[in-house]
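Protein sequence lines correspond, in order, to chains E and A.
Take any residue in the first sequence, note its place counting from 1, add 932, and you have its number in the numbering used here.
Take any residue in the second sequence, note its place counting from 1, add 932, and you have its number in the numbering used here.
Check before you lean on any hint, since a few could be wrong.
No copy is singled out in the list; a pair is fine if it fits within one copy or between any two copies.
[Unchecked claim] Using 27 angstroms as the maximum straight-line C-alpha spacing, the simulated DSS-like pairs for lysine-lysine come out as follows:
hint, residue 1, residue 2
1, Lys-964, Lys-948
2, Lys-943, Lys-1056
3, Lys-1270, Lys-1296
4, Lys-1060, Lys-943
5, Lys-1248, Lys-1296
6, Lys-1103, Lys-1057
7, Lys-956, Lys-1044
8, Lys-1057, Lys-956
9, Lys-1014, Lys-1103
10, Lys-956, Lys-1056
11, Lys-1270, Lys-1248
12, Lys-1057, Lys-948
13, Lys-1047, Lys-1279
These are computed hints drawn from the structure, not numbers from a lab.
Remember, predicted model here, so these are calculated numbers, not experimental data.
2 protein chains.
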Amino acid sequence: MYNFNLQIPTKIHFGKGMVVNLGKDILEYSDKVLLVYGGGSIKKNGIYKDVTDELIKNKIEWVELADVDPNPRIESVREGIKLCRQHDLGGVLAVGGGSSIDCAKVIAVGVKYDKDPWDLVVDKKLMKDALPIFSVLTLAATGSEMDPNAVISDMATNQKLGTGAACTVPKVSILDPEYTYSVPVKHTAAGVADIMSHTFENYFNTNDAYMQARMAEAILKTCIHYGPIALAQPENYDARANLMWASTWAINGLLAQGASHAWSVHPMEHELSAFYDVTHGEGLAVLTPAWMRYVLNEDNIDRFVEYGVNVWGIDKNLDKLQIANMAIDLTEDFFANKMNIPMSLSKLGIGRENFEKMSVKAMKGKDSIKGMVELRPEDVVKIYEMCL
Amino acid sequence: MYNFNLQIPTKIHFGKGMVVNLGKDILEYSDKVLLVYGGGSIKKNGIYKDVTDELIKNKIEWVELADVDPNPRIESVREGIKLCRQHDLGGVLAVGGGSSIDCAKVIAVGVKYDKDPWDLVVDKKLMKDALPIFSVLTLAATGSEMDPNAVISDMATNQKLGTGAACTVPKVSILDPEYTYSVPVKHTAAGVADIMSHTFENYFNTNDAYMQARMAEAILKTCIHYGPIALAQPENYDARANLMWASTWAINGLLAQGASHAWSVHPMEHELSAFYDVTHGEGLAVLTPAWMRYVLNEDNIDRFVEYGVNVWGIDKNLDKLQIANMAIDLTEDFFANKMNIPMSLSKLGIGRENFEKMSVKAMKGKDSIKGMVELRPEDVVKIYEMCL
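Working from the sequences, and respecting the hints, build out all of it.
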């Protein structure tokens, strides 16, 4: 196991009606916050009312930044920073999924940074200090509610980059599974794919940590068990609760620390979103089985066998290669037939026209993606082609 | 899944040589601490020197409280509080296993409490504020390094009670697996039994949380895989690292929150330690299989089946009762033959002389232990008898 530092200080209030804990916790930091949210579904499903009632009850003033995009844009970040400065706000409260929370994070740092916030997206080392960040989660997917990460896009230059620092970990997050009841099938499925992909990125590695690998299998089993239930019964509390909690633990540090974890599928997918603005989780689902087939080799087959046996319950006495291939087929079948995700790039409206450009950008300025198997641009093109 | 609040703010530095992070972290709080440790093994194995070198390097003064007992006594707590007050110390640093850390926790609160600290052991609600607590872990067992819990004994009255509050969660813990290389076989095995028992207490419950149950299985598998390796090869880094990290996660809140978790075996064992001062983990190992056999019934058999199939790899197509009994037999065999724990009360030097008295005290002032199956004093006597 590698050396590591771990601190996960976010205070979580998990469960039905737990929004009642929000006001007093915010008041420990400020009584004037920026309220960040997306397209307005929170006004239809009552969450906006729950949150603002709680703010009013605790005499917390707020200014609003609405219409944050699903792949949040640097323009929204700039706007949020301006509002915080204009109104002298002391905290940022995101109500939404990863997009709103990610946007809130970079706003919170940007207020304390005197140049353009895109710098902070390009270079996380510039992130030194932030306004306190709070979140009310409405989508089980990115894990942004209990981690430092934020992904921000500049569509003008087709750039989608990840950033984050200790100061961008939320102070308090409200996780009410009922707040995800109204998430449509498409985004429920994409969220599950995102949780599973975060787990795969940690699990398929070059240097393992035993306990963390078993924890990863626990999260994968949870997604496979409850994903289809949440799709069929959107108001199944246990399904929504387990998926919500799985989303948090897939990426809050537990799985990553102690093992190697150079991510492969996320950088490839970020280019799909940056060029075509597709739903992140759908892009991940399409790429994952292809990536698995492309990288499977004699050195890493044991991990695929463990995946097949421990997660999918495949008979451990079968031939190794057979187990590995069955596990990959089951993964693809799960996304396609259990989660109803459109499982090709063409179905997502993506052709081969930008494959070369995207494959180079996926390197993020390096020569290759150093994942479980090193990928150069030509490898990424081949994987994209497998997904057409 | 039940509603819950979770915050695990301890900063963990995990790995070889990570003690070099201790000084600067302590200095954020104080430059004068109480150094709490046990019987002096840390002077033989070099850990005392590592820690004090780090304190000297950072110009941190310290006063020592040595000779904390394996079941830490209230007398040590009183002595520690006196030293903190006499020398105006600003923090408590435990170097050791759960005993030293638990003792440090109650000292840290006791300094801020103006009556006798036994009150704090009896009633955790009196714990309001504490000096900052730091730990350097030398034994994988109790999880005290990342949780609020402390167990303190008063041997004069045969009382051993658990307490803890938000203010007793350590600020910083150093987890260096090499610091457990010199732990003797007996205590390595007892530590593994303690980790597994914490996990069982959460796993065998009346109201389940799916993801947490799979996480529990991950920890059990880790113990079963690495326990025997650590016994055979005390300097196997991966074994020591995985057991150390498993000890932390078995009891830091992840497994407990969201599910029911009324503990059964720990209260029964605390009476063995309170009356006979036996090694806690050995007492747990002896009681666990007997408790499992006693409580197994039609209502809870599915959990035993999951335990057998998911943790022990028993064929899921066998008869349920057969799987459950095989799983219990394998648990007993593991403790007896893989971990070499003396598996009867007589081997621990305990006869039936105090069974009635202990069984009543195990109720902790209530009528029964409300675990997966409710246990009254007469049930506890029967379980003790099964272990003779």
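Outcome of the hint check:
1. Lys-964 - Lys-948: within (26 angstroms within a copy, 45 angstroms between copies)
2. Lys-943 - Lys-1056: Close inside one copy (24 angstroms) and across copies (21 angstroms); limit 27 angstroms.
3. Lys-1270 - Lys-1296: neither (33 angstroms within a copy, 49 angstroms between copies)
4. Lys-1060 - Lys-943: Both. Shortest intra-copy (21 angstroms) and inter-copy (18 angstroms) distances satisfy the 27 angstroms Cα cut-off.
5. Lys-1248 - Lys-1296: neither (39 angstroms within a copy, 46 angstroms between copies)
6. Lys-1103 - Lys-1057: Answer is both; intra-copy 20 angstroms and inter-copy 25 angstroms each pass.
7. Lys-956 - Lys-1044: both (24 angstroms within a copy, 25 angstroms between copies)
8. Lys-1057 - Lys-956: Result: close only across copies, 21 angstroms inter versus 32 angstroms intra.
9. Lys-1014 - Lys-1103: within (22 angstroms within a copy, 36 angstroms between copies)
10. Lys-956 - Lys-1056: For Lys-956 and Lys-1056, only the inter-copy Cα distance (23 angstroms) is at most 27 angstroms; the intra-copy one is 31 angstroms.
11. Lys-1270 - Lys-1248: both (24 angstroms within a copy, 24 angstroms between copies)
12. Lys-1057 - Lys-948: between (38 angstroms within a copy, 26 angstroms between copies)
13. Lys-1047 - Lys-1279: neither (40 angstroms within a copy, 71 angstroms between copies)
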